[in-house]
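A.B. asks: Please work from the sequences and hints to get the whole structure.
From first to last, the protein sequence lines are chains F and R.
For any residue, its number in my numbering is found by taking its place in the first sequence, counting from 1, and adding 12.
For any residue, its number in my numbering is found by taking its place in the second sequence, counting from 1, and adding 22.
Bear in mind the hints are in silico, worked out from the structure with no lab data behind them.
It is possible that some hints are incorrect.
[What the hints assert, rightly or not] Here are the simulated DSBU-like pairs of lysine-lysine, each with C-alpha atoms no more than 30 Å apart in a straight line:
1. R:120 with F:92
2. R:78 with F:91
3. R:120 with R:78
4. R:92 with R:48
[To be verified] Just a sample of chain F residues kept apart from chain R, beta carbon distances all over 10 Å, derived:
5. 25
6. 65
7. 69
8. 85
9. 96
10. 115
11. 129
Keep in mind the model is a prediction, meaning the values are calculated, not measured.
C-beta atoms are modelled at their ideal positions from N, C-alpha and C, and glycine is treated no differently.
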Amino acid sequence: SQTIHQWPATLVQPVGSPLSLECTVEGTSNPNLYWYRQAAGRGLQLLFYSVGIGQISSEVPQNLSASRPQDRQFILSSKKLLLSDSGFYLCAWSVPLPGTGMNTEAFFGQGTRLTVV
Amino acid sequence: SQQGEEDPQALSIQEGENATMNCSYKTSINNLQWYRQNSGRGLVHLILIRSNEREKHSGRLRVTLDTSKKSSSLLITASRAADTASYFCATDGDSSYKLIFGSGTRLLVRP
Chain F
13 SQTIHQWPAT LVQPVGSPLS LECTVEGTSN PNLYWYRQAA GRGLQLLFYS
63 VGIGQISSEV PQNLSASRPQ DRQFILSSKK LLLSDSGFYL CAWSVPLPGT
113 GMNTEAFFGQ GTRLTVV
Chain R
23 SQQGEEDPQA LSIQEGENAT MNCSYKTSIN NLQWYRQNSG RGLVHLILIR
73 SNEREKHSGR LRVTLDTSKK SSSLLITASR AADTASYFCA TDGDSSYKLI
123 FGSGTRLLVR P
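C.D. replies: Next up, the structure:
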């Protein structure tokens, strides 16, 4: 069965420190991968998505970056965290319908709550 | 930017009542999905409706889609306290590969 692992669950980092959040998927091949950020009590903001190894699309210009070094691995990074980077980060995957590219249901990790202090 | 906007932002009902949440979106879509999020957790997929479908049912859930009005509704019938959660709609926006979420409706079902 397919599973998604996202860690750590919580993280407290000082301003200016680097960040690396990792997400891995098991049990599927060539998934679409997503990183979202959610502010408290708000909706999900799409940060990055990837349709293949090394293919990253950025939705929101900011001091975050993403990489997909392997088919089922998605990494969110920052060289220097800002206070405004605090939030709940969610990784998700979906498998598009063959021949159409259309999204199907997405599966989410349990999220990482990042507090920048 | 947000593709979908849910309405109302918050909804409080008594157990046993029906809950209706609405979603409006801006661009043409291939499909629209509804998700549920319990506090501090990841999202769970509820139902997907394609752009050529008008209504879909799953258990106590009923989803409608009106592409001419760019809107969808989620009806939860005979609500239970366990239905308390935030509910989000999501669309593929201007790209089949994207999945863009609305701002969500926080539902409270009082026992």
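A.B. asks: Confirm or reject each hint.
C.D. replies: Do the hints match the structure? See the list:
no. : hint            : result
1   : R:120 with F:92 : 27 Å, holds
2   : R:78 with F:91  : 45 Å, violated
3   : R:120 with R:78 : 22 Å, holds
4   : R:92 with R:48  : 7 Å, holds
5   : 25              : 19 Å, holds
6   : 65              : 15 Å, holds
7   : 69              : 8 Å, violated
8   : 85              : 18 Å, holds
9   : 96              : 17 Å, holds
10  : 115             : 5 Å, violated
11  : 129             : 19 Å, holds
The structure is inconsistent with the numbered hints 2, 7, 10, although it conforms to all the rest.
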